[in-house]
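Trainee: Read off the chains here:
4 protein chains.
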Amino acid sequence: MKTDHNCFPAPVYAKTVLEPLFEQSIRHFAKVTDRINRAHVVMLAETGIVEASVARAILEALDAYDRETDTESLRYDGSVEDYYFHVEQDLIKRVGVDLAGQMHTGRSRNDMGHAMFRLVLKTRLEHLTAGLHDAVGALLAKAEAEKRTIFLAYTHGQPAQPTTFGHYLAAFIEVLLRHGERLWLAHRHLDRSPMGAAAITTTGFPIDRERMAELLGFAGVQENSYGCIAATDDVAAIYAALKLLCVDLSRFAQDLGQWTAFETGFLKAPRSYVQISSIMPQKRNPVVTEHLRLLSNLAAGQCDAIVDTMRNTPFMDINDSESETHTAGYQAIDRGQRGLRLLADFISVIEVDEVRIRAAIGDSFATITELADGLVLSDDLSFREAHEIASDLAKDSIAARRSLDEVSFDRFVEIFETRVGRSPAIDHGMLRRIVSPEHFIAVRDRTGGPADVSLNASLEHYRSYLQSQRNDLARAVARRDDAAAKLDQSVRLLLQDQAA
Amino acid sequence: MKTDHNCFPAPVYAKTVLEPLFEQSIRHFAKVTDRINRAHVVMLAETGIVEASVARAILEALDAYDRETDTESLRYDGSVEDYYFHVEQDLIKRVGVDLAGQMHTGRSRNDMGHAMFRLVLKTRLEHLTAGLHDAVGALLAKAEAEKRTIFLAYTHGQPAQPTTFGHYLAAFIEVLLRHGERLWLAHRHLDRSPMGAAAITTTGFPIDRERMAELLGFAGVQENSYGCIAATDDVAAIYAALKLLCVDLSRFAQDLGQWTAFETGFLKAPRSYVQISSIMPQKRNPVVTEHLRLLSNLAAGQCDAIVDTMRNTPFMDINDSESETHTAGYQAIDRGQRGLRLLADFISVIEVDEVRIRAAIGDSFATITELADGLVLSDDLSFREAHEIASDLAKDSIAARRSLDEVSFDRFVEIFETRVGRSPAIDHGMLRRIVSPEHFIAVRDRTGGPADVSLNASLEHYRSYLQSQRNDLARAVARRDDAAAKLDQSVRLLLQDQAA
Amino acid sequence: MKTDHNCFPAPVYAKTVLEPLFEQSIRHFAKVTDRINRAHVVMLAETGIVEASVARAILEALDAYDRETDTESLRYDGSVEDYYFHVEQDLIKRVGVDLAGQMHTGRSRNDMGHAMFRLVLKTRLEHLTAGLHDAVGALLAKAEAEKRTIFLAYTHGQPAQPTTFGHYLAAFIEVLLRHGERLWLAHRHLDRSPMGAAAITTTGFPIDRERMAELLGFAGVQENSYGCIAATDDVAAIYAALKLLCVDLSRFAQDLGQWTAFETGFLKAPRSYVQISSIMPQKRNPVVTEHLRLLSNLAAGQCDAIVDTMRNTPFMDINDSESETHTAGYQAIDRGQRGLRLLADFISVIEVDEVRIRAAIGDSFATITELADGLVLSDDLSFREAHEIASDLAKDSIAARRSLDEVSFDRFVEIFETRVGRSPAIDHGMLRRIVSPEHFIAVRDRTGGPADVSLNASLEHYRSYLQSQRNDLARAVARRDDAAAKLDQSVRLLLQDQAA
Amino acid sequence: MKTDHNCFPAPVYAKTVLEPLFEQSIRHFAKVTDRINRAHVVMLAETGIVEASVARAILEALDAYDRETDTESLRYDGSVEDYYFHVEQDLIKRVGVDLAGQMHTGRSRNDMGHAMFRLVLKTRLEHLTAGLHDAVGALLAKAEAEKRTIFLAYTHGQPAQPTTFGHYLAAFIEVLLRHGERLWLAHRHLDRSPMGAAAITTTGFPIDRERMAELLGFAGVQENSYGCIAATDDVAAIYAALKLLCVDLSRFAQDLGQWTAFETGFLKAPRSYVQISSIMPQKRNPVVTEHLRLLSNLAAGQCDAIVDTMRNTPFMDINDSESETHTAGYQAIDRGQRGLRLLADFISVIEVDEVRIRAAIGDSFATITELADGLVLSDDLSFREAHEIASDLAKDSIAARRSLDEVSFDRFVEIFETRVGRSPAIDHGMLRRIVSPEHFIAVRDRTGGPADVSLNASLEHYRSYLQSQRNDLARAVARRDDAAAKLDQSVRLLLQDQAA
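Residue numbers (the numbering used here), protein chains in the order written: chain D, 1 to 500; chain X, 1 to 500; chain P, 1 to 500; chain E, 1 to 500.
One or more of the hints may lead you astray.
Pairs involving identical chains hold if they fit within one copy or between any two copies, as the list cannot separate such chains.
[As the list claims (entries may be wrong)] Subject to a maximum C-alpha distance of 20 angstroms in a straight line, what follows is the list of computed EDC-like cross-link-like pairs (lysine to aspartate or glutamate):
1) K15 <-> D134
2) K395 <-> E263
3) K93 <-> E385
4) K268 <-> E354
5) K15 <-> D334
6) K486 <-> D63
7) K147 <-> D353
Everything labelled a hint here was simulated from the structure, so no lab data went into it.
Treat the numbers as computed from the prediction; the structure is a model and nothing was measured.
Take the sequences, apply the hints, and build the full model.
Mentor: This is the structure in structure tokens:
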């Protein structure tokens, strides 16, 4: 072995660790590094920790670096430890070591790193949340459009009771809106600035942590300085929330697979979503539902990979919560977003085949429970009697291979008379009406039920719930944009001073 | 095979599925089943769906069952499908099938099941949350007591900078308080009544879902009726939140392991927590930290087991989200609670060995950065010069095997003069002071820093944050107790009517 | 707080840690502890490390303890640390501290603990493996019985091609046999004795590790003594293997759910496996498939919980790999076994509904690809021409709502003539035959195909593969039983010596 | 929305699904697709299914495509579904649709896909296994070099007993060798060809599956044709095995962190592996151990992500087991490999600081148990007496702040006399020797112990165990290379026929 192990870094270390980290920095963190540098210099100048002239010199050097460097084309060459030092080296070349050194006053790579990770993750989380809102929006539009479209709801994989497609979708909308809340709590915890924690205990310099938070667009300061560096729960919580969302996306994808299946056929994907076999023209593979399941599921697993990285790591500044982990996590977010986008688009164009649904309702006797309930009211029977009549009728019709809408009124009367000893009060038309899906749905008008009045109220709730989530997001994005403008302005002011 | 497969249940099905489910019901759900039965009868009577006399008969029969049955001694005998039918059979025996049947009007085993799971889980979650509050309380008390006790904070497993033990604990307190918020959001989503969803679409009977929610102590109604049965996110979210908490407990346990280690010895467990070897009297195994790590970690994994059970299950009523899963989850909660209790007690009795900590600070030159910063101010040096002097001094002392508090002032002057060309402005006393941990901490008075003023403010924030979380919990528990009283009173009123 | 923290144990430690551990010992480890004690004493006597008289005294005391103690009724009272010390205390009372102390010569609680964990886990693994073999046996019997029964195989959730039910089952049998191999590799690694590792470095006493392994029924000695205590991969590997098995069980359960679904109905559960609704007599809930999915899935998650407990724990003797973890793992094994038993029984009694399957084959045009292939041979067409004719015919029939077995021969001739410009060589009967499932299957006679010759060969392979796995298991069980007999005999010999 | 949903693909589907899949194909699967195409054409020609002239035409067209296409620069343009169709389109352009179509005779995208995934994964697995062998090799070399270097082994995070560094490493070597076996079982199951399964039931054409396996370098044919497409256990098993390995790497990293910690300092990283702070010259951050922990842990989580993607997916051909999942899995393998490479290099250059280790042995009284054992032999004491003397001596020395090698002989004699009532038989030199680490180690000569004779035997076992694993791997790689040569030759022969 000819390697000189008195020199840092060992070639294997450079190859397996430092080079990948450098590439991650180039790809994901160069822009925010620059932004943090500028904000820090502004704050140092404002608090008088560095003189305005020093601040100006540094800011101009940062500008020059920015103009002259094609970051994306940088390659790791082992001459410095990481991207931070690469920028510092450049600065030293431009303004000398004394001035360049002052940029790092009252901070450390630790607080910078976590500020950087949070800024990037926060933006990604905001995009993901917007994607979730769009999916909910698409589902809500579909639910509104199909709020009276008859559907057949299942339990344990088997047909159970009629409802409307809008009511069915509303169940999932409610779930997604709760996920929106969960993501937003995670966002709130992430939205705190670690800058000023320095290595771990803040600094003796009179820095202004609140001002740094403002210039970087954070909602405020992350309080305990050791926690700024050591805590990983803020990041883990985002992936835990995304995982929960993805698990539900995978469940809904499983439903969509069933509704679009050959045998069920309640939903029909348009041609644009169907992969067709050249030889089997009848074969329609709506593999889109498989892809939705897969994307959700893979994202869910990748979320776990992030959270589980933290198990049993000591609660202190650790590499395990830094670049390699963060960039691996972005893939989970990307997949989650692909899934949401696919869901939003697919649900918008899917068509409901009410003919097949009505046939399935008839075949599965899904409204039969309502006949029993109806007889209690119409014919003043006990529940037991009513249920027995309904049950006899069902058995009889199944034996005769008749679906519920083909049930014979005469046979019904016969059964009734045998059981009760008199003729039923209801006539043929009433029987038909009672076992119709429309009747079944119309009487279910309790809170959260499928009847028009209930579902309309629910959809209205969900719309305003969604709107309120969208408003929260919009405010956060506005604060972010506003901070960027403020920072630019502060830099410009400092540079103008010089010009003056 | 002699088994008659025309009879339900198949012996293997009874043994592998029905019997375990029955035992879970007996152990965990019998009490809430009864409560739901009573509340439902009260609501049915109040809404006039069943007559008061019927309601009375049923309530009296439930009372009689309760008096006469030793639930815990019940064993599954295959005669009924599950515990629900066991109770129904008893009721039929007591009041006849027509009356007994009316108890089930406008509901289903589906909404009952989920109401039951939520009530039990909610109570367990409240106990867990109380356990978390107690742990935070214990940590806060310790942090207050040790807020000026010198400690040595680490990065990357290596000594880094002095702080106080209170400041260190505060970092973890902040994390735990965020976990409190997460658990509480999960509680809020769980705290909705599914009763009235019936099978999945509500019912045609004019039931009062809001009243049921009130009688059962829920904060309100879970809206969409299909979602009441199909959604599993509310339950999954609890285990996701608990997992996050457990991951951090395992991390903190890893720290405690380090602080109590033979070589580090910053913390000392009292005799009551130390397993000792009979032959090696010097050996002190504070395995308590291992147990904390293990309990947290095993609980974390068991939380995942619950969430992952839902992956790719269809979004509809499924057994996968019912009894077997719920009861498996309770073990995670139990382990989490054991961990929290252990942490709260152990942290209260642990002793800080400031002598060893100060020695480690000296040996690790943990305050040396402050010397450089100090020289910039005292001697008007550039950062670079100051750092070079500090660095030379450190190297020199290490070579001479001197710790930082034994640093030679003469050597310092020598180094200073060589680098700067003049004598330093600071004297021996000032040098000592600058490199003392007390000075290091005192100047770190920014938001979230270890200096007295900062840490006092932080501890005050955490106390009020904890108090507010405790208030939320107390309100929820009060509502629960209040509902139990209301239900008892309503039952009594109904029964008194009869007496009158 | 009045607790005296100078006394071990702290009440909270006793409650949250020591008591649960004691209960786990009582329930799971008392018997093997005794067995290890006896084997160790025998080995100590055989090697002359303790005198025969001492060995006899100890063995008699162990016998006496065994006779006089109702282990199950023991409760933790805080007087000793754990079950090990409880037994030791008893021994001291019986034979005095000097003699009692000799039992522990050349061993430690460390090697004893791991020996105990391995013995219990090995037996459980053997039962699990037997359960897997039984499930494979049941599947093989069904596959043999239904090897010519027409089935419809799916891709992407949609009907694809005919096969036989036996061929379909064979696919899963092959998977399960691979799982058998995986479990058995895990068994092989587990089947090594850690006894003699003592605390971690073996001992200075001339113990005989190989003899201990033999007396305990291990296949041999676990070599490196530190690894005997520190390594956890042997245990983790068992849960990793079980998880893989469970994931496949959950996938197969998902298939079974589809085949027994209302719309598909290829398989029919007997009455003994169907939960029926009293009011909806048509409703058949074969929730057994849900339970199989759930049991498998929950077990899979619990397996992860065990493996993940080891993440980032130091590689040394740790509590994290001991009693609490082991006993938690048993639940995963139990659930896995319940799932296997359910599968074996359910698959044996399930009925195949060939009428519905044939209808689905016709409706889904699943044999149409064979028509194209057939025309290439019969009419010497190019693939392209043949495929275009098949495609035209399919489109046409679908438009006319005809299933494949109702396809009009006249229409076929018309299409053929239009495309090719002459009449087809095949006649009506040949067309029917070509598109029949029987033909489709019969020509697929390559290795692993569904044709009789191929499937018979496969089933024969699987039978002998299973038999070989069963033989391996039988040998391991025999060795275990044999060792128990050897130990008893050795003990008896030692005690007889005394009598003589 | 202006999108025409009568045309495939929907823009969102193209963007979120098809484009990523195409890019994955370009990057990972283009080469093996080509190889499968050629092998299939060779087999079709050999079996006479296509004529030699047709085969030649296709092979020439594939050559031309290969020469003229810069695969890496291809971008997805929505004109075809996937890369397979892209190649087919090109072929059609070159040789016409009738000839081009014949290439696909007797196969399907299904068996091609899985063949392609297996070939790529197998190669990656072989590289990973080689990486594991190299790591074991490096550890073995170190263990051999340091087989007599005194080390201090820990239990429960606390110093326990002396051993040698070689013996300690041997414990982990044994673990890694077992992982080698696990990976290799996974390799064996993966090493079967699915070609010929066609869509799922093989084909009516007289293809030769065994020949295809041979031409592709598989060890044989995957038997059941449905299983070739539906089974995912072969792939899952690889990630399960890798996860187990990674969990142990993370545990060993945790140990390395402890040995290189400031307070422990048993191991010293060379300068090439130490990140140093410019201001804190004493601070040595061997973050390499953190990176090893992180890489292992993240890889472990990503392995789970792959396995868990399969949970509850139906057991049939599914997208969930295809390109997106496979390519995500490669990241886990890459990270595992980086970890192994880092470990191998780092362990080779690490230095053992025996001075610090001996000091720690003395300070922790780690050899005191041997004194008790020694006194039993030398002075014919009972165990109890011997232990009490050792215990008294330890307590006394600790109180006097003496380490074990500074123990006072006079004090020993005093204690001995008080306890036993006479002078000890051992003299000062003997006492020193008995409590020396050398003696402690030398007497531990049982199987797997640290004594020279034991450790030498163990290392020899491990070397031959490793060599046997390396031989297995070499054979597999040779078969792979050999198959490539065979295929080239067969293609050349076919083309030469034409030339002739």
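Trainee: Next, verify each hint and record whether it holds.
Mentor: Okay, the hints, checked on the actual structure:
Taking identical chains as interchangeable, the C-alpha atoms of K15 and D134 lie at most 20 angstroms apart only when they sit on different chains, with a minimum of 17 angstroms there against 42 angstroms within one chain. Proximity of K395 to E263 under the C-alpha cut-off of 20 angstroms is restricted to the inter-copy arrangement: shortest distance 18 angstroms between copies versus 24 angstroms within a copy. Taking the shortest alpha-carbon separations for K93 and E385, only the inter-copy value of 18 angstroms comes in at or below 20 angstroms, while the best intra-copy value is 95 angstroms. Taking identical chains as interchangeable, the C-alpha atoms of K268 and E354 lie at most 20 angstroms apart only when both belong to the same chain, with a minimum of 11 angstroms there against 28 angstroms between chains.
Proximity of K15 to D334 under the C-alpha cut-off of 20 angstroms is restricted to the inter-copy arrangement: shortest distance 12 angstroms between copies versus 27 angstroms within a copy. Proximity of K486 and D63 under a CA criterion of 20 angstroms is satisfied intra-copy only: 17 angstroms inside one chain copy versus 60 angstroms between copies. Proximity of K147 to D353 under the C-alpha cut-off of 20 angstroms is restricted to the intra-copy arrangement: shortest distance 14 angstroms within a copy versus 37 angstroms between copies.
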